[in-house]
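Each chain, written out:
Number of protein chains: 2
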Amino acid sequence: MIKSPLEKARMSYQPKLPNVLKGSVKLSEGKPTESVANQAEMKTLFPHTYGLPIVEFVAGEPKSYPAVNVGVILSGGQAPGGHNVISGIFDGLKKANPASKLYGFLGGPSGLIDHKYKELTVDIIDSYRNTGGFDMIGSGRTKLEKTEQFDKGAEICKQLNIKAIVIIGGDDSNTNACILAEYYKQKNIDIQVIGCPKTIDGDLKNEMIETSFGFDTAAKVYSELIGNIQRDCNSSRKYWHFIRLMGRSASHITLECALQTQPNVAIISEEVEAKNQSLSDVVTQITDSIVERANAGYEFGSVLIPEGLLEFMPKIKMLLSEMNDLLATPEFQAIVGDEAQRNFILLKLSHENKATFESLPLFIAKQLMMDRDAHGNVQVSLIETEKMLIEMVGERLKRLKECGAYTGKFSAMAHFFGYEGRCAFPSNFDADYCYSIGYNASLLILEGKTAYMSIIRNCCKSAEEWIAGGVPVVSMMNMERRNGKDVPVIRKALVELEGKPFKFFVSKREEWAGANDTFVFQGPIQFFGPSEVCDARTKTMMLECDK
Amino acid sequence: MIKSPLEKARMSYQPKLPNVLKGSVKLSEGKPTESVANQAEMKTLFPHTYGLPIVEFVAGEPKSYPAVNVGVILSGGQAPGGHNVISGIFDGLKKANPASKLYGFLGGPSGLIDHKYKELTVDIIDSYRNTGGFDMIGSGRTKLEKTEQFDKGAEICKQLNIKAIVIIGGDDSNTNACILAEYYKQKNIDIQVIGCPKTIDGDLKNEMIETSFGFDTAAKVYSELIGNIQRDCNSSRKYWHFIRLMGRSASHITLECALQTQPNVAIISEEVEAKNQSLSDVVTQITDSIVERANAGYEFGSVLIPEGLLEFMPKIKMLLSEMNDLLATPEFQAIVGDEAQRNFILLKLSHENKATFESLPLFIAKQLMMDRDAHGNVQVSLIETEKMLIEMVGERLKRLKECGAYTGKFSAMAHFFGYEGRCAFPSNFDADYCYSIGYNASLLILEGKTAYMSIIRNCCKSAEEWIAGGVPVVSMMNMERRNGKDVPVIRKALVELEGKPFKFFVSKREEWAGANDTFVFQGPIQFFGPSEVCDARTKTMMLECDK
Numbered sequence: 002m003i004k005s006p007l008e009k010a011r012m013s014y015q016p017k018l019p020n021v022l023k024g025s026v027k028l029s030e031g032k033p034t035e036s037v038a039n040q041a042e043m044k045t046l047f048p049h050t051y052g053l054p055i056v057e058f059v060a061g062e063p064k065s066y067p068a069v070n071v072g073v074i075l076s077g078g079q080a081p082g083g084h085n086v087i088s089g090i091f092d093g094l095k096k097a098n099p100a101s102k103l104y105g106f107l108g109g110p111s112g113l114i115d116h117k118y119k120e121l122t123v124d125i126i127d128s129y130r131n132t133g134g135f136d137m138i139g140s141g142r143t144k145l146e147k148t149e150q151f152d153k154g155a156e157i158c159k160q161l162n163i164k165a166i167v168i169i170g171g172d173d174s175n176t177n178a179c180i181l182a183e184y185y186k187q188k189n190i191d192i193q194v195i196g197c198p199k200t201i202d203g204d205l206k207n208e209m210i211e212t213s214f215g216f217d218t219a220a221k222v223y224s225e226l227i228g229n230i231q232r233d234c235n236s237s238r239k240y241w242h243f244i245r246l247m248g249r250s251a252s253h254i255t256l257e258c259a260l261q262t263q264p265n266v267a268i269i270s271e272e273v274e275a276k277n278q279s280l281s282d283v284v285t286q287i288t289d290s291i292v293e294r295a296n297a298g299y300e301f302g303s304v305l306i307p308e309g310l311l312e313f314m315p316k317i318k319m320l321l322s323e324m325n326d327l328l329a330t331p332e333f334q335a336i337v338g339d340e341a342q343r344n345f346i347l348l349k350l351s352h353e354n355k356a357t358f359e360s361l362p363l364f365i366a367k368q369l370m371m372d373r374d375a376h377g378n379v380q381v382s383l384i385e386t387e388k389m390l391i392e393m394v395g396e397r398l399k400r401l402k403e404c405g406a407y408t409g410k411f412s413a414m415a416h417f418f419g420y421e422g423r424c425a426f427p428s429n430f431d432a433d434y435c436y437s438i439g440y441n442a443s444l445l446i447l448e449g450k451t452a453y454m455s456i457i458r459n460c461c462k463s464a465e466e467w468i469a470g471g472v473p474v475v476s477m478m479n480m481e482r483r484n485g486k487d488v489p490v491i492r493k494a495l496v497e498l499e500g501k502p503f504k505f506f507v508s509k510r511e512e513w514a515g516a517n518d519t520f521v522f523q524g525p526i527q528f529f530g531p532s533e534v535c536d537a538r539t540k541t542m543m544l545e546c547d548k
Numbered sequence: 002m003i004k005s006p007l008e009k010a011r012m013s014y015q016p017k018l019p020n021v022l023k024g025s026v027k028l029s030e031g032k033p034t035e036s037v038a039n040q041a042e043m044k045t046l047f048p049h050t051y052g053l054p055i056v057e058f059v060a061g062e063p064k065s066y067p068a069v070n071v072g073v074i075l076s077g078g079q080a081p082g083g084h085n086v087i088s089g090i091f092d093g094l095k096k097a098n099p100a101s102k103l104y105g106f107l108g109g110p111s112g113l114i115d116h117k118y119k120e121l122t123v124d125i126i127d128s129y130r131n132t133g134g135f136d137m138i139g140s141g142r143t144k145l146e147k148t149e150q151f152d153k154g155a156e157i158c159k160q161l162n163i164k165a166i167v168i169i170g171g172d173d174s175n176t177n178a179c180i181l182a183e184y185y186k187q188k189n190i191d192i193q194v195i196g197c198p199k200t201i202d203g204d205l206k207n208e209m210i211e212t213s214f215g216f217d218t219a220a221k222v223y224s225e226l227i228g229n230i231q232r233d234c235n236s237s238r239k240y241w242h243f244i245r246l247m248g249r250s251a252s253h254i255t256l257e258c259a260l261q262t263q264p265n266v267a268i269i270s271e272e273v274e275a276k277n278q279s280l281s282d283v284v285t286q287i288t289d290s291i292v293e294r295a296n297a298g299y300e301f302g303s304v305l306i307p308e309g310l311l312e313f314m315p316k317i318k319m320l321l322s323e324m325n326d327l328l329a330t331p332e333f334q335a336i337v338g339d340e341a342q343r344n345f346i347l348l349k350l351s352h353e354n355k356a357t358f359e360s361l362p363l364f365i366a367k368q369l370m371m372d373r374d375a376h377g378n379v380q381v382s383l384i385e386t387e388k389m390l391i392e393m394v395g396e397r398l399k400r401l402k403e404c405g406a407y408t409g410k411f412s413a414m415a416h417f418f419g420y421e422g423r424c425a426f427p428s429n430f431d432a433d434y435c436y437s438i439g440y441n442a443s444l445l446i447l448e449g450k451t452a453y454m455s456i457i458r459n460c461c462k463s464a465e466e467w468i469a470g471g472v473p474v475v476s477m478m479n480m481e482r483r484n485g486k487d488v489p490v491i492r493k494a495l496v497e498l499e500g501k502p503f504k505f506f507v508s509k510r511e512e513w514a515g516a517n518d519t520f521v522f523q524g525p526i527q528f529f530g531p532s533e534v535c536d537a538r539t540k541t542m543m544l545e546c547d548k
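Line by line, the protein sequences are chains A and B. Residue 2 is where the first sequence starts when you use the numbering used here, and the numbers rise one by one after that. Residue 2 is where the second sequence starts when you use the numbering used here, and the numbers rise one by one after that.
Because the hints were derived from the structure by calculation, they are not lab data. For every residue, glycine included, the Cβ atom is placed at its ideal position computed from N, Cα and C.
Reference excerpt, derived from the structure (chain B facing chain A, CB under 10 Å, subset only):
id, residue
1, Ser5
2, Arg11
3, Gly134
4, Asp136
5, Met137
6, Ser140
7, Glu225
8, Gln263
9, Phe417
10, Cys424
11, Ala425
12, Gly530
List time: in silico DSSO-like cross-link candidates among lysine-lysine, alpha-carbon distance up to 27 Å:
id, chain 1, residue 1, chain 2, residue 2
13, B, Lys388, A, Lys388
14, A, Lys164, A, Lys44
15, A, Lys9, B, Lys17
16, A, Lys509, B, Lys9
17, B, Lys119, A, Lys239
18, A, Lys4, B, Lys501
19, A, Lys117, B, Lys239
20, A, Lys388, B, Lys239
21, B, Lys239, A, Lys147
22, A, Lys153, B, Lys239
23, B, Lys399, A, Lys367
24, A, Lys144, B, Lys239
25, B, Lys4, A, Lys501
Bound-form chain A, shown alone (with noise of 0.2 Å):
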């Protein structure tokens, strides 16, 4: 395997760590926590994890940790800064007994159940600190949830002596890791259960979670793609470009990206659907920025879209709704032609329905009809929505031109900017984050905790002035309603419309959508520069921290 230069230097870094952690630690511990709503119902499902308190590291007495073995699984999509995580649970572990060993279980949570591992020497951990992805050890997005899966785990912790599993991973995993703990406990198997806030969508972040990682990474890449690209359009002066970003669930990546390169227009997901928008409410919504920019003669522009778009909008739900039940019907499937199909389903469709699946160009009505998943559901993800609403733009300005509102020239480009993120080397930020993330972890474990989640918090100060700790998991948690069942999860957090990195956007972005010049182009992420480059927090991470 042959390594890059820059790879090579990377290896050297040394990723920092809150002081705290620098020497002999102890632990605080806070009040007794309740979750965040459903309290009664989450008592009775976590009984020996419930109530738990946030505890906090402090300065503290030397002392001798006996040898513990450790195991440790990526689970779901890549995200920068997961080798570190890994690096810094090693360097911890061995640095309180130097006979502690940590093994990697392979590709995601299958690996535990189908006993896959590795012991992780320290040849493997030195050849992939401050690296991207997650191929140390694989990943992969098998559900933790079966209590005969847990039981397999436990075989082969006991098998290899492991008395703890660290679970890096997104809102589910994390609540899978905490089932998992009060499952451990119940049945008195001394098995701790450690996680990590993996994700670079956001949207695992609460008042003790300020960021997840990979976010910060993931944002710069596109944030350098998308200021590339604004230079591009500023310098040709020809070509809109509609820039689709990854983020299904919530929109923080979309909007970081729109704090950091100022584009002309960015549509928030979470907005679109507390205002009850249709696509044409979002169609108009660029239509006005092009208009209003073309008659200032700037007939090029950028436009920022979250992949998961089309899920926030009511209507949009409501007619994917009915056609996933009209799609598995045995009549549907026995139709052969795009248009005989389109004709049935514009036959069945509920009035108000029929008229959202007619307002969709041609060929996302045909994507709708035709890419869908194992379990026949529309697969939305799939769906260009940057080519969708270039073309039902370019209609919209069509009209506006016959009626004489518009008069430019409108010429429009697509982009998706996703897996160009999820692997790249993680900034200083993520290297220290995650580092810190993954010492403080093997810390939680060797002071005997289970049912928390790794936390590092005052992120936007220094390394050195960040707190380090642990938060009990159930205490994110409630019952919500997935597949027709309640069940306890982490709540998820979407771009809140009250905060203060959407509030300032709101303040900006009328200017953003008609002035020129006021792009940002903020280039590559440096990793030795000077600070204010190498190591600037996320625009959402300094807003946030303003209070």
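Since chain A is already given, all that's left is putting chain B on it; use the hints.
Chain B only, in chain A's frame:
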């Protein structure tokens, strides 16, 4: 206009100059040159600019230069470093005589014709140093080729007392710069013309032009993204990524990115043409790698595809040529509906072209019929070749599965990278190289040269050792057939199948096609770190330089 932290930091970067240009210089002249071919015709066409010597700057006695006004034009597509060429010209002129002025013609060559310009003051120059984009003065694609245009140019030059024009552009723009220089000489108009070699495509290259500016940066941006995607597929182990890269008339970008990232497959158009390969051959090559990797347990990988691929396939070229004729007929234009249009085409096409047309996926056949340019021609550049290959490879694998030759699972993602790299912040190399080209251009002007291209050589060495001088543009030209006419043009540099970069690629590609752990992750361009990270040259240049 808000400047990002990186933009601010880059403003204070002082690009490196060759040692020879730092002090006083004089010109050392070589022997008269000949054009690369068609010498007799070229001599007739360029009576005043044929046979000029190659010139090189060497250390000289201090001397004083008169003030001179210069105009600069950015021509064609954006390439990282354009602003540095301009700041190099500015600094060179002002150092020689602070009373000199630099004017920027706005929006490309049309600025010269339409008399749109602005004086480039130190404030303007300073706020664009080391930035990407062409937005300081804009660019455009108007071709300078008619004598009326030349006369309009002379008019504004007279008005502003401009004694020299610098044209920053690709092969066509430099060809036209030479024609302009010759015209002014013929007419005894005292305006010098100097060209500067720009193109991210890398096809303006020869013995004297070691690389065109922008190629280094653009290839590095694309390689960053390809590496991130490869790390992603290495981690999730479930997708093949098909990545189309900018570069219509040559595959230098794809070759360079392949050398940097070591994908499983990279298609080089020049080889496809030389071997008279069909789409089916390319599909076979890709499928072979997929099957080989699936057998080894790797159901993921990467494929790089040059944008211009289809235009290099003899059979597709034949088909396109016949289709362009058919689509232009009133008969075809009267037909309504995809199916009817397709049937008409199938009926009319020659036997061989019909077979080619039928071998294309339906959505591509439709694109060929639908998306036509202003002249009614098929717009090959809009064809999503990467999606076409995904579909064709998928079909092929299905057939292999039916006969038991393949048992894997094939899921693929499509990407296209072009606009992401054209306006990136120039790498240190491009920042230095462009600044030197511009500074050198100012000296060529001061030494009274015209019809020269500003040339910096020895680029694989450190900037201090670079050789600076000028090459007569006519010496790079030959006669080629364009739009049915023989015209003088700079010979385009395609990927040489006997060249070291391609041969190195060929020596490695079998290994890359099958083995795992061959991907290389270059990460984002760095400006401030260790020299091996920040100042690395392209692989192409290092291989070519290794004589």
